[in-house]
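Work the whole structure out from these sequences, hints included.
Number of protein chains: 2
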Amino acid sequence: MKLQLALDLVNIPEAIKLVSEVEAYIDVVEIGTPVVINEGLHAVKAIKDRFPALQVLADLKIMDAGGYEVMKASEAGADIITVLGVSDDSTISGAVEEAKKQGKQVMVDMINVPNLEKRAREIDALGVDYICVHAGYDHQAAGKNSFAELKTIKSVVSKAKTAIAGGIKLDTIEEVIAAEPDLVIVGGGITGVEDKPAVAAAMQRLVRGA
Amino acid sequence: MKLQLALDLVNIPEAIKLVSEVEAYIDVVEIGTPVVINEGLHAVKAIKDRFPALQVLADLKIMDAGGYEVMKASEAGADIITVLGVSDDSTISGAVEEAKKQGKQVMVDMINVPNLEKRAREIDALGVDYICVHAGYDHQAAGKNSFAELKTIKSVVSKAKTAIAGGIKLDTIEEVIAAEPDLVIVGGGITGVEDKPAVAAAMQRLVRGA
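Respectively, the protein sequence lines represent chains A and B. Residue numbers are given in the working numbering: position 146 of the first sequence equals residue 146, and the series is strictly consecutive. Residue numbers are given in the working numbering: position 42 of the second sequence equals residue 42, and the series is strictly consecutive.
Simulated from the structure, these hints should not be mistaken for lab results. What you are looking at is a predicted structure, and each value in this text was computed from that prediction instead of being measured. All C-beta atoms, glycine included, are put in the ideal place defined by N, C-alpha and C. None of the hints are false.
In silico contact screen, one side only, chain A against chain B (beta carbon under 8 Å); selected entries:
hint, residue
1, VAL36
2, LYS61
3, THR91
Okay, structure coming up:
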């Protein structure tokens, strides 16, 4: 099981500072969609250049032009690129094909996917690397979380790894780990606490112990 | 009826050069998703600063954090911001609420929306400014277009304006205009031709004549 730090509400210098504090405790650093929108793939390049030993995930939430966007993100140094589960199969397949060519990985974000079980089965068959259940900001504001969704996709996915994101904190991560995802994604649960290294280290111990 | 130029495969200097050539013939310039991904909202700011008389659309394809993303795009100078039709109602409502606060407009991109008629009715009720039918790159590669979809949404939408995008060229724009959208979005149909001003001027005449 791996730990991913999601950076959403920072600029590039703030992102570098944050990752510096916790780099020993995380496996993947995510350049979140808000950072991509604000800074573009320059943010991915800046983090990969500065932290080459970490995997960098570019949270593009691709909805169209799957192959092209994966190519651009790969050029910028991304190791994992996200595509939306609500996108067309051709978009996901285009992303997978280009990622394989580039030696990169594709994660499908299942945010707001209706009929999760059916769609997870379809997406697993498209050869993606990760399927991620995700309670977004707007979902969290409405009180939703993704534990039940993780169980649903784990029951049908046979090839892809699974990931979970959305509102995970130190006091909820054990419940998440018990559901056995391959990747746990934490944002504010690390970036929003006083002692970031201590919390990240504690999360790493829990994630690795599992 | 208005004409929008979509810029998808350019960097910021190339975008400025392109818009300079055709600014007299277009109403809205779109910073397309691939440009946003590559350059971030810096591209929106650069174009709005250089062409303040044009409306600038930021094609963010928002899937989460509707209010926050509309706020950031507004700060960068966007006049219209896109949200995905496949996103949660709370995301669309958050975007609409923030746009009203900022004096901006929201366009919902119906790319890959299942049950278009039902979803267009729901989204119209959420108070968005535009609903856009959109044959994406990956859809166009599969031979799809959006004329039938425009007719479908026009039959159910009562408050929002309608827009159409995807593969529109000078030799197909009259068919599009006949379906009476409020906004016609052209990308490669202008950026991919030799004499861009001539083609944009011809399109403007057809759009304004309607």
